[in-house]
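**Student:** The residues making up each chain are set out below.
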Amino acid sequence: MPLFVILEHMANGLLVGSYYVVLALGLSLIFSLGGVVNLAHGAFYALGAYLAWEVQRRLGFFGALALSPLGVAAIGVVIERLCLRRLYREDPGLALLFTFGLAMAAEQSLRLVWGATGLPFGIPEALRGQIFLGDFIYSRYRLAVLAVSAVAVLGCWLLLNKTSFGLVVRAGTRDPEMVRALGIALSPVLTAIFALGVGLAGLAGVMSAPLAGVQPAMGTEILTAAFVIVVIGGLGSFWGVVYAGLLVGVVRGLTVLFYPPAAEASMYALMVLVLLVRPRGLMGERFERFE
Amino acid sequence: MTSERDDRTQLSRRDLLKTVAAGAGAAALGFPAVVRSQPDAIRIGHLTPRTGFLGQLGEYGLNAAMLAVEEANAAGGVLGRKVELIAEDSVNPGVAVTKVQKLVERDRVLGLLGEISSASALAIGEQANRYKVVYINTGANSDELRGKNCNRFMFHVEGCNTMYTKTIGQWQKSKNLIRGAKWYMLTADYAFGHDLFRVSSRFLTENGGTVMANDMVPTNTPDYSAYILKIRQAKPDFVYINLAGTDQTSFLKQYKEFNLSFPLAGGVMDTVPFWAAGVDSLSGHWQSLWYHGLTMPAAQAFTKRFSDKYGKPPDNQAWGDYVGVKILLQAMAETKSSEGAKWVAYFEKGATFDILKGRKGSFREWDHQLLQEMYVVRVKDKKDAKDKWDIFELIQPAPAASESLELIQPTKQENPCTMA
Numbered sequence: 004m005p006l007f008v009i010l011e012h013m014a015n016g017l018l019v020g021s022y023y024v025v026l027a028l029g030l031s032l033i034f035s036l037g038g039v040v041n042l043a044h045g046a047f048y049a050l051g052a053y054l055a056w057e058v059q060r061r062l063g064f065f066g067a068l069a070l071s072p073l074g075v076a077a078i079g080v081v082i083e084r085l086c087l088r089r090l091y092r093e094d095p096g097l098a099l100l101f102t103f104g105l106a107m108a109a110e111q112s113l114r115l116v117w118g119a120t121g122l123p124f125g126i127p128e129a130l131r132g133q134i135f136l137g138d139f140i141y142s143r144y145r146l147a148v149l150a151v152s153a154v155a156v157l158g159c160w161l162l163l164n165k166t167s168f169g170l171v172v173r174a175g176t177r178d179p180e181m182v183r184a185l186g187i188a189l190s191p192v193l194t195a196i197f198a199l200g201v202g203l204a205g206l207a208g209v210m211s212a213p214l215a216g217v218q219p220a221m222g223t224e225i226l227t228a229a230f231v232i233v234v235i236g237g238l239g240s241f242w243g244v245v246y247a248g249l250l251v252g253v254v255r256g257l258t259v260l261f262y263p264p265a266a267e268a269s270m271y272a273l274m275v276l277v278l279l280v281r282p283r284g285l286m287g288e289r290f291e292r293f294e
Numbered sequence: 492m493t494s495e496r497d498d499r500t501q502l503s504r505r506d507l508l509k510t511v512a513a514g515a516g517a518a519a520l521g522f523p524a525v526v527r528s529q530p531d532a533i534r535i536g537h538l539t540p541r542t543g544f545l546g547q548l549g550e551y552g553l554n555a556a557m558l559a560v561e562e563a564n565a566a567g568g569v570l571g572r573k574v575e576l577i578a579e580d581s582v583n584p585g586v587a588v589t590k591v592q593k594l595v596e597r598d599r600v601l602g603l604l605g606e607i608s609s610a611s612a613l614a615i616g617e618q619a620n621r622y623k624v625v626y627i628n629t630g631a632n633s634d635e636l637r638g639k640n641c642n643r644f645m646f647h648v649e650g651c652n653t654m655y656t657k658t659i660g661q662w663q664k665s666k667n668l669i670r671g672a673k674w675y676m677l678t679a680d681y682a683f684g685h686d687l688f689r690v691s692s693r694f695l696t697e698n699g700g701t702v703m704a705n706d707m708v709p710t711n712t713p714d715y716s717a718y719i720l721k722i723r724q725a726k727p728d729f730v731y732i733n734l735a736g737t738d739q740t741s742f743l744k745q746y747k748e749f750n751l752s753f754p755l756a757g758g759v760m761d762t763v764p765f766w767a768a769g770v771d772s773l774s775g776h777w778q779s780l781w782y783h784g785l786t787m788p789a790a791q792a793f794t795k796r797f798s799d800k801y802g803k804p805p806d807n808q809a810w811g812d813y814v815g816v817k818i819l820l821q822a823m824a825e826t827k828s829s830e831g832a833k834w835v836a837y838f839e840k841g842a843t844f845d846i847l848k849g850r851k852g853s854f855r856e857w858d859h860q861l862l863q864e865m866y867v868v869r870v871k872d873k874k875d876a877k878d879k880w881d882i883f884e885l886i887q888p889a890p891a892a893s894e895s896l897e898l899i900q901p902t903k904q905e906n907p908c909t910m911a
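Chains Z and F supply the protein sequences, listed in that same order.
Position 207, counted from 1, in the first sequence is what my numbering calls 210; the numbers after and before it change by one each time, with no gaps.
Position 193, counted from 1, in the second sequence is what my numbering calls 684; the numbers after and before it change by one each time, with no gaps.
Keep in mind that the hints were calculated from the coordinates and are not lab data.
With beta-carbon atoms standing in for the labels, derived distance ranges:
| no. | chain 1 | residue 1 | chain 2 | residue 2 | range |
| --- | --- | --- | --- | --- | --- |
| 1 | F | ALA832 | Z | VAL275 | 52 to 60 Å |
| 2 | F | LYS873 | Z | LEU6 | 38 to 46 Å |
| 3 | F | GLU596 | Z | GLU93 | 42 to 50 Å |
| 4 | Z | VAL275 | F | LYS874 | 46 to 54 Å |
| 5 | F | ALA682 | Z | ARG183 | 54 to 62 Å |
Counterexamples of contact, computed for chain F against chain Z with all Cβ distances above 10 Å:
| no. | residue |
| --- | --- |
| 6 | GLY571 |
| 7 | ARG599 |
| 8 | ASN640 |
Predicted model only: the values in this text are computed from it and were never measured.
All residues carry an ideal CB built from backbone N, CA and C; glycine is no exception.
Construct all of the structure, not just a fragment, from the sequences and the given hints.
**Tutor:** Written out as structure tokens, the structure reads:
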């Protein structure tokens with residue numbers, strides 16, 4: 004097998020991984036700060052795709068790309084304010100149950116509103132076609148997805164590391180009691196982070212819609228992958244999730260090349276391997292409150 | 492009036508006999524009170540998945556079955572009695588079995604129809620045989636249901652995998668796309684895909700082509716780019732996919748995204764996932780069991796009635812459930828009986844049905860498969876499509892009008908069936 008073929012599959016894996024990163028990053032943020040395992044993350048992803056379908060008909064794909072994640076984030080704010088925030092101080096099992104129920108209710112609601120049938124969602128005209136670099140072939144649309152993902156990841160990083168908001172978030176992740184003792188209200192921060200997290204899920208949903216279609220069960224199918232990536236990357240680690248997402252993409256691509264039946268199983272094998280060597284994930288840090 | 496009442500008593504008594512056979516106790520037979528308490532309407536049980544990944548097809552099937560019942564009642568019912576459809580969501584084979592037991596024992600249905608999943612259809616077929624109630628399979632494709640797992644009370648309106656592969660295969664053969672050609676196959680990695688791969692690769696090799704590669708694809712794969720890169724490297728003469736449902740849609744969309752030049756076909760085709768992909772994401776020649784663009788007056792009339800009621804045209808699953816109800820009601824009317832065994836005899840004697848196609852249909856006596864035409868269709872250019880449902884151009888019926896309907900069927904050797 005020529006080296007070129009392997010390189011091509013690795014490069015393609017990075018592209019595929021980029022949208023996993025966006026999805027998993029949202030999940031990781033919500034968990035690190037609120038301690039909530041958001042089983043409804045897939046539902047927000049699906050909601051992003053459905054909202055995009057509605058917006059696209061009126062304002063085109065780029066309108067959908069901008070507005071749909073905001074819409075999902077807004078819904079996230081409502082849910083966090085009304086329900087989720089009551090559960091932060093309770094047994095973590097309650098929040099888990101709540102998001103589990105929310106995921107089921109959301110999927111059935113999508114079915115009721117938009118029907119059980121998938122909705123046609125094509126690649127926008129402006130992004131159709133392929134780019135050839137030597138023997139390599141790239142779809143324009145996937146390159147655009149890579150660009151948007153990169154901007155989203157960088158934006159989040161800047162927000163968390165270069166702003167005073169980010170400082171509070173990072174302090175809150177480590178020691179919420181101390182932050183409160185210093186007179187800083189964590190509750191609006193928690194709301195904002197939940198909105199940001201589900202907004203990222205919505206963004207991933209918009210980006211995947213033209214590739215995999217829009218249908219009610221799409222969220223359930225993708226959720227496990229997002230969890231696996233967060234675990235591989237290590238809880239609480241920003242770059243860990245990014246590397247893990249890309250790594251899962253590459254490993255999956257290479258598995259398709261050599262042994263396709265194991266393609267979906269490859270990420271679980273990777274997770275087992277990583278956890279054997281590094282029980283906290285690739286870049287997981289020690290969290291006093293989760294130990 | 493007298494004769495009508497007689498019919499009614501006759502039917503009721505037969506119901507009763509079945510009840511007895513089901514173990515309810517022989518003593519009930521002579522009690523008029525029990526006879527009067529028998530339901531007046533003729534009940535038909537409908538089972539199909541309405542949630543999960545097959546739910547979108549199930550919804551079409553149920554809508555069409557309801558339409559058929561409504562039309563039958565508007566025309567005065569059957570044997571002077573109203574028809575009532577009792578619908579259940581068969582989530583998986585286990586649930587399907589429970590639902591059949593409930594439908595037969597509690598609701599006293601006289602016939603069963605529906606299903607899409609082959610595993611559930613198998614379970615329902617076994618129950619139908621046990622209760623001696625006719626079951627019409629309207630959506631499960633597996634050859635084995637008509638072969639190894641066939642039984643006396645199970646009939647198949649849906650085409651089997653071999654029919655789908657031979658329909659497109661006969662056309663490819665006539666266009667000289669098979670002999671000496673190298674095909675790249677993608678196969679869904681579960682029972683359905685394996686069965687389809689078995690029959691499609693057999694047809695290919697028997698006719699002088701070779702399978703250059705076959706990738707087993709896990710179900711619910713969201714991304715096919717790595718497979719498409721492999722296909723691009725392999726440079727096949729033809730790409731053939733043994734995939735279904737959302738896997739098929741995702742692959743088609745992404746294949747178009749990379750715009751490879753190798754022609755594309757596949758082992759099965761359901762219209763709903765193709766509609767979901769949208770005409771500009773599709774390509775290739777496909778096989779269709781029934782398509783709403785068929786020009787026969789009966790097909791057009793059905794399309795109109797369905798569209799008027801539900802605001803969208805019927806797909807092939809809707810056709811199957813509609814025709815299934817019609818066939819059950821015809822058997823009841825013609826045999827003037829509610830006894831499953833009488834219907835079986837009626838079907839096996841070669842009764843013909845108007846199935847909204849160019850030719851009439853009838854059940855093959857030894858495996859209960861509905862003998863019928865299928866169609867080769869080609870994906871339209873977007874500019875030629877009138878609306879979002881107008882995605883295919885009809886190329887030809889298969890078999891052609893002059894050929895035997897057996898041409899696309901599995902032979903006795905390919906799919907042997909012995910009914911107990």
